[in-house]
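Protein chains: 4
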Amino acid sequence: MAKWDSCGSSPAFKQPHWMQIPFTGQKQEFNRPPTRTVRSMSQSSTDSFSKLCVAVHSDTSDDESSPRDKLQKSTKGPSDFCIKNISQADFGRKEIEMAEQEMPALMNLRKRAGGEKPLAGAKVVGCTHITAQTAVLIETLAALGAQCRWAACNIFSTQNAVAAALVKAGISVFAWRGESEDEFWWCIDHCVGTETWQPNMVLDDGGDLTDWIYKKYPELFKNLKGVVEESITGIYRLYQLSKAGRLSVPAMNVNDSVTKQKFDNLYFCKESVLEGLKRTTDIMFGGKQVVVCGYGEVGKGCCAALKALGAIVYVTEVDPICALQACMDGFRVIKLSEIVRHIDMVITCTGIKNVVMREHLDKMKNGCIVCNMGHSSSEIDLVKTHVVCACIAALTCSTVPSFVLSITAATQAMALIELYNAPEGRYNKDVYLLPKKMDEYVASLHLPIFDAHLTELSDDQAKYMGISKHGPFKPNYYRHKLLSHIDKH
Amino acid sequence: MAKWDSCGSSPAFKQPHWMQIPFTGQKQEFNRPPTRTVRSMSQSSTDSFSKLCVAVHSDTSDDESSPRDKLQKSTKGPSDFCIKNISQADFGRKEIEMAEQEMPALMNLRKRAGGEKPLAGAKVVGCTHITAQTAVLIETLAALGAQCRWAACNIFSTQNAVAAALVKAGISVFAWRGESEDEFWWCIDHCVGTETWQPNMVLDDGGDLTDWIYKKYPELFKNLKGVVEESITGIYRLYQLSKAGRLSVPAMNVNDSVTKQKFDNLYFCKESVLEGLKRTTDIMFGGKQVVVCGYGEVGKGCCAALKALGAIVYVTEVDPICALQACMDGFRVIKLSEIVRHIDMVITCTGIKNVVMREHLDKMKNGCIVCNMGHSSSEIDLVKTHVVCACIAALTCSTVPSFVLSITAATQAMALIELYNAPEGRYNKDVYLLPKKMDEYVASLHLPIFDAHLTELSDDQAKYMGISKHGPFKPNYYRHKLLSHIDKH
Amino acid sequence: MAKWDSCGSSPAFKQPHWMQIPFTGQKQEFNRPPTRTVRSMSQSSTDSFSKLCVAVHSDTSDDESSPRDKLQKSTKGPSDFCIKNISQADFGRKEIEMAEQEMPALMNLRKRAGGEKPLAGAKVVGCTHITAQTAVLIETLAALGAQCRWAACNIFSTQNAVAAALVKAGISVFAWRGESEDEFWWCIDHCVGTETWQPNMVLDDGGDLTDWIYKKYPELFKNLKGVVEESITGIYRLYQLSKAGRLSVPAMNVNDSVTKQKFDNLYFCKESVLEGLKRTTDIMFGGKQVVVCGYGEVGKGCCAALKALGAIVYVTEVDPICALQACMDGFRVIKLSEIVRHIDMVITCTGIKNVVMREHLDKMKNGCIVCNMGHSSSEIDLVKTHVVCACIAALTCSTVPSFVLSITAATQAMALIELYNAPEGRYNKDVYLLPKKMDEYVASLHLPIFDAHLTELSDDQAKYMGISKHGPFKPNYYRHKLLSHIDKH
Amino acid sequence: MAKWDSCGSSPAFKQPHWMQIPFTGQKQEFNRPPTRTVRSMSQSSTDSFSKLCVAVHSDTSDDESSPRDKLQKSTKGPSDFCIKNISQADFGRKEIEMAEQEMPALMNLRKRAGGEKPLAGAKVVGCTHITAQTAVLIETLAALGAQCRWAACNIFSTQNAVAAALVKAGISVFAWRGESEDEFWWCIDHCVGTETWQPNMVLDDGGDLTDWIYKKYPELFKNLKGVVEESITGIYRLYQLSKAGRLSVPAMNVNDSVTKQKFDNLYFCKESVLEGLKRTTDIMFGGKQVVVCGYGEVGKGCCAALKALGAIVYVTEVDPICALQACMDGFRVIKLSEIVRHIDMVITCTGIKNVVMREHLDKMKNGCIVCNMGHSSSEIDLVKTHVVCACIAALTCSTVPSFVLSITAATQAMALIELYNAPEGRYNKDVYLLPKKMDEYVASLHLPIFDAHLTELSDDQAKYMGISKHGPFKPNYYRHKLLSHIDKH
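Protein chains in written order, with our numbering: chain A, 1 to 489; chain B, 1 to 489; chain C, 1 to 489; chain D, 1 to 489.
Don't read these hints as lab results, they were simulated from the structure. Treat each hint with caution, since some may be false.
[To be verified] Pairwise CB distance ranges, derived in the manner of DEER restraints:
{"id": "1", "chain 1": "D", "residue 1": "Lys469", "chain 2": "A", "residue 2": "Trp197", "range": "48 to 54 Å"}
{"id": "2", "chain 1": "C", "residue 1": "Asp459", "chain 2": "B", "residue 2": "Glu424", "range": "45 to 51 Å"}
{"id": "3", "chain 1": "B", "residue 1": "Ile232", "chain 2": "C", "residue 2": "Ile155", "range": "51 to 57 Å"}
{"id": "4", "chain 1": "C", "residue 1": "Asn366", "chain 2": "B", "residue 2": "Asp459", "range": "29 to 35 Å"}
[Unchecked claim] Example chain A residues on the side facing chain B (calculated, C-beta under 8 Å, incomplete):
{"id": "5", "residue": "Lys270"}
{"id": "6", "residue": "Glu271"}
{"id": "7", "residue": "Leu274"}
{"id": "8", "residue": "Lys278"}
{"id": "9", "residue": "Met284"}
{"id": "10", "residue": "Ile339"}
{"id": "11", "residue": "His342"}
{"id": "12", "residue": "Phe403"}
{"id": "13", "residue": "Asp451"}
[To be verified] Which residues of chain B face chain D? A partial, calculated answer using Cβ under 10 Å:
{"id": "14", "residue": "Gly286"}
{"id": "15", "residue": "Lys307"}
{"id": "16", "residue": "Gly310"}
{"id": "17", "residue": "Ile312"}
{"id": "18", "residue": "Val313"}
{"id": "19", "residue": "Met328"}
{"id": "20", "residue": "Asp329"}
{"id": "21", "residue": "Phe331"}
{"id": "22", "residue": "Val333"}
Because the structure is a prediction, the values reported are computed rather than measured. Even for Gly, the Cβ is constructed at its ideal location relative to N, Cα and C.
Could you put together the complete structure from these sequences and hints?
Structure below.
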């Protein structure tokens, strides 16, 4: 396999064929309307099939015993795994096949890059939720050449049938629903490696896997080409390590990629806020006075959706730039205390704690709705007050749409490919964002879903702009000197 | 009680004090923020409390027997009633009290008009769903002076505990959940009257009560001041009677009042379509191509909501005026067959049958969503086709928000008041719409919910406009000559 | 020519072929993208060409003399006319040809109905502005079979070159820019008729022509089939006549047709309010606090446009129904005096006088903008106050877009056709609105501009709905009993 | 004066009092409604007053001679200047006073910082347009302690009366309308300095002043604390110098500050595109099919405004991330060639040349409008084609609203303050963006215009977020490692 390199501005750089963003008119079989089915069955009930399986197969008496204590064999797959029940594999396969329909971007990637196998030789150890959607990611990595071993990042979220299907397909999985904490670490430990297999890539969600390697197998870092981390918590740990000079490998922060950020926050919240509130409260929004605390991406999405339905929206902000944007977008910027007596609803989108305080709750009208859209559950001061007048809606928004999951998974895959294939010296022992080029590629994988047709720059135009025809599509000088000035307005 | 008269343009007309639309600045105790609680408990589960009651009280052995066959006594209330279980009254009362919070308009009406009792002497026989919300209406009529007897318009929808509470409060109710058809008519029959009580007003929803009087008690029409009908079906029957010259009393079509129409259709659909679809399908709307069939009020509401969330919306129409409006509002007007292969969703809002045909369904993409927002369940040709590729979402929208119910109930109350108090000769044996003035009054009852402050015309301005300071607010010449040209664009 | 009849619900009614609303798929040559040119040349400068003409042709010494005093001859046209300068005809013809491009609806009508000549035998006397756009209307009437004589309804607005072109084309025109009042009535008088020609139809804009006939030629009413009136003033006069029992012919109020109303008010204001204000004041709307007085069609259009650009919009209303709509659409309803100290702009859209009073003006912030979008120039109390702090923008919106003019002209043409062809007894001596069917037809004439494709009802669907496949598209019962309840919400 | 320092994260850093962003509730006299007047007089006609002046004062015979050749004296001001006519100063002062009303942000800055004089000791040489708005900037710099000498960056844009007023107020200005190229450089040369005055700061717009110093006075760089550059061209030159290792001082790129970017592009275009097109073409947008080329900030603003008015908008893009955003925002992403035959309008917002090519123009419908909103005039291929069918609207948007100018001027002022006060070592010989903190301060200066009230973080909250209560409001880890990934989606 020829090494490839996505960012290189050196003349020697030859972009792999499959990385070229396809334009309509070029023959491209993925441009036909994507085949999708509706999400409700597989996604809204994470374990519908699995539960069914357990019922069907529960004649075996080992159901209550820990998978650790028994021996299972996969006919074709690895002998090196530990899951609940290998016999659920067929049910799991059906779940995965349905998820494939919902994640056309990854399926596109398999087809575009499957021939070149950019992950040939990669040995990926992963620690994420184990669901049908993740299975599509793992099998995509496999289709691109990687060997994978996988553990769960959460003791409750594993879909046992999916784990079984993965094992049957040759992935070494160590995970089951309802692990004890001891079992959780045991699984991670067995996943990391054996004498005969050592990982050269890490895909982590939460940082537990990375932590474990730091503590127990620091020698593995010699072989590691990089760590891809998804969660805010995990990324924070990596930045702390980096600051302390203790980061031993390049790490990729995939959470902050532009594409992912916009979908996780702006677009997702814009679409989900109204549904979440309606489902919980049956309110009509027309004419209601609503305060949105925070005008970042989440707040912007909420405000846009509420305004469109006829709510009268006020914004609170601490950052003058966001405040000025709120003004220009047509929202009055006020302090919560000024208006709290008159409003019908407060939505917190700040990530800051104690945004809605007891003193606010006490002044609200009877029936005022308070809801938290931010990441931090402490935005509303529940502990300190007796909530008698206000209904507090916890918008857990538990059903993340497949489209959002698809963006995340494609970003993770591209980060692994980038780190694995980067030429010597591109990445040092530090935390990086996904290169613009790869971010653009993730976006391009999702365009066929909308039957969107990109325009291709002519040679002349590309030259005039000083950029490559195939991206990244920002002038070079943007790469420099921006150290002091990053934000996400 | 002095008779009063809402429309009179004669100088002798003296509008009752309470009918004056209040303006801020006038002393008015209802302008303070309305007291509301969140709907979810009482409304989304029509019978949550009731079911509980049945469980609690089911030690009595008569639960399976028909209420007809047993004797119940109301301590303070009428001895003339027939319901499931009088002992559930306290639970029903709680349901009603919660509904009162959700219907501030009716509570306002009680306070504004309670002193004058515009329904004093009225004997209202009613046939509607019997729910907590209807109970608020019935008790409002009572508070305004009416005597009421009530039956259910549907054999399944009665909340038994609410019926019990009404009986305990002195209303003669004949209804229980799960009536047989025979029991249904028995209840209506017993409701209509006895030797000692004969109705002079009818409030009907579906026309069954009116029909029954036509068939069995035609002599009652002598005393009837009018019929108020809510349902499209019932209204159609009344127009047929009128056409045939067989309508024996004035009838009021409350379904087509402007205020009610806008809320039942435009605003309600605008707010509910996205939630209904998200709840059923988990789709993200951004970038999705959607066809909305029909650009009446329902279609307008759907289109506005979908556009605001980033869907690309196409419209089909048969009426050129609606089609031109769709164009000006930014929607391409196409025929379904032109675009059916490319779309992600079809929403029918027409009231016409067979809008989406087998030939359309056969051409849709895998996963295309088809949903019916119209009143007719036959808009989608389900019978003739095997739906293999399309997911058909039945948006029953079963949870009508309290605000919509409040508009309907207030309109019914005002229609009764108008017919009961109209001077001789204003209404003949024909079907009428609610007078503009009363429609305006219904709207004004809901304004305090939004803390909305009306501006009052000065004497000069009213004279300049040729209208009364207190409405109706359209120049007189609009009243004339518009026979040939009514529509709802 | 077979008489035809647009409304008839009698089985004997046979709709003329050309009145069928065309659906895509039927062969129809007008469905191709309409040929248009940009308006700026001919419309924004009503008399650009004309002025040029005057310059070119001003070698003749008669320029200052009244056209009454000289003899002109039209080579092919009538000898019976009186205009400024027949030699400007070629320039006028160019103006008319450009206007034809902007009025594809009338051109469509010529092609659809030109074969049947529904105005054959009609003798139309008209009194309107004489511009290139009116010329397209007049020549359309001629193409449909009518003989026309025309006068100007305004002494300043006549485009002399256009008048010349009309005369050369055979229309007897009596009008020139800059008539004295005496000349104005002289023109009308000469237009009405001679011994050899007597009108049987009147098209009036302002009522002056109708008045003149009433006063001087009342015997003409014997032959008149009807009067079509465009202006609010003229319509008011007709309603007064009708009330007084003095209306001698059927009259058609074209101003209040649904299609025209929406375009003259909602859509036109929505598009023009921002441009008008920007042109006058250079304000940025984002974040500005604006009060819109009145939430009728004009107010609705203004509010929608302002909200979209990020203004914070408040509404004042006297009518509770409009007020409730404003609430549901997301606008706070307040009284002007409550907020006048804080706002950046007031826009009056009421038609009521003295909406913004001295007491309001005195309290406004320095620089607050006050503008009138309503029809009445007295909405702002200019007389009584010294406007020192507020900038009052007179949004004359003098450049009405051709699309609006096209709707008006097509409505006038259809009204003439309807009155001329109506069977005995359909119209009495009263004021009528354009029948729904004709309104729909006007809309359908404009759909090709948007490449909009109507869906045709199947026979089954039409039967189910109880309507004709070709419209009108409202159930019959809407025709009845709506006397007491007309509004335009 | 105590040196101050805006970014310092060192504990020793003491923020100057005036830099604290004011919150409502703190006593702050600038929070009252700002005093503004409407722009039309001074801004839409850059030189209305000036022209008048010339007329009034043109009795002097020296009007045609070059100001270089005559001696003028300022009574109170510098003797060292060269302008057209000192006697116009009073008229210029009126222009400046009106501009002050339009730029409350700079006036706020004078009041907030005037006491501390953060530019005391600064000697600023400037080269910008010399207009009333710039005069407000220059006098603000003076009020903050700076000595200023100024030349014009454009030979046509100088408002002579304003220049006179500046001179009279003590600023050494060398500029007049209609300089020859030779005079242009002569003015810059005389502005740079004399034996007795040498600049330590440069404010440039276009790079000509900086260039001149490089060429003629390189020794000045020894004393220079920095260069603030506004124009894209000038910034590009600075980056080139930096790349080549030849940049001799720290330079600040003020064009790319977040606040300025949003206002120059997104908000300004959103508000101006419709007005510009309406003014030029009189088109109604409802239902029109429009292609917007490019979905950057400019394109986003155009699309939002067009969609709101009912246009059907398509987008072309080369960048997949922007394309995906366009999809999610509800715009179909197509290639221009796919749809060019059907559209009513094309708007280019790309900055790329030859976006609309002859091949596109040839296929457009008659009357299709083509307009350029981008910075590059070469987006439309005018040279190569005969534009017969398309109307090409040059949207020069010459009247930039004062609000946009105010953002720019405040950003320039803050950049000068930052560079002048930065501690040794913060800035090296490189090009920098304005620190986030200063950007936030610029935004905060504009909030009082909207009566917007910022919320202040509590100590607890600030600690929890790991940021200062007074900003900048982004977590520290954003400052690092983002080198490879900057964009403006």
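Restraint satisfaction for Val333 of chain B [CB to CB of chain D, less than 10 Å]: Holds - the Cβ of Val333 of chain B comes within 10 Å of chain D, reaching about 9 Å at its closest.
With a cut-off of 8 Å on the beta carbons, see whether Phe403 of chain A makes it to chain B. holds, 5 Å
Are Met284 of chain A and chain B close enough, Cβ to Cβ, to be under 8 Å, as the hint says? Cβ of Met284 of chain A sits 5 Å from chain B, so the hint holds.
Against chain D, is Ile312 of chain B within 10 Å by beta-carbon distance? holds, 6 Å
Given a cut of 10 Å on the nearest C-beta pair, is the interface hint for Asp329 of chain B held or broken against chain D? holds, 5 Å
Using the nearest Cβ pair, does Lys307 of chain B come within less than 10 Å of chain D? holds, 7 Å
Is the interface hint satisfied for Lys270 of chain A? The criterion is a beta-carbon contact with chain B at less than 8 Å. holds, 7 Å
When the least beta-carbon distance from Phe331 of chain B to chain D is tested against 10 Å, hint result: holds, 8 Å
Verify the interface restraint on Gly286 of chain B: the C-beta must sit less than 10 Å from at least one C-beta of chain D. holds, 4 Å
Identify whether the interface hint at Leu274 of chain A stands, where standing means a beta carbon of chain B within less than 8 Å of its own. holds, 6 Å
Could you check the hint for me, namely that Ile232 of chain B and Ile155 of chain C are 51 to 57 Å apart, CB to CB? holds, 55 Å
Under the criterion of a CB-CB separation shorter than 8 Å, is Ile339 of chain A in contact with chain B as hinted? violated, 12 Å
Checked against the numbered hints given earlier, this structure breaks only hint 10.
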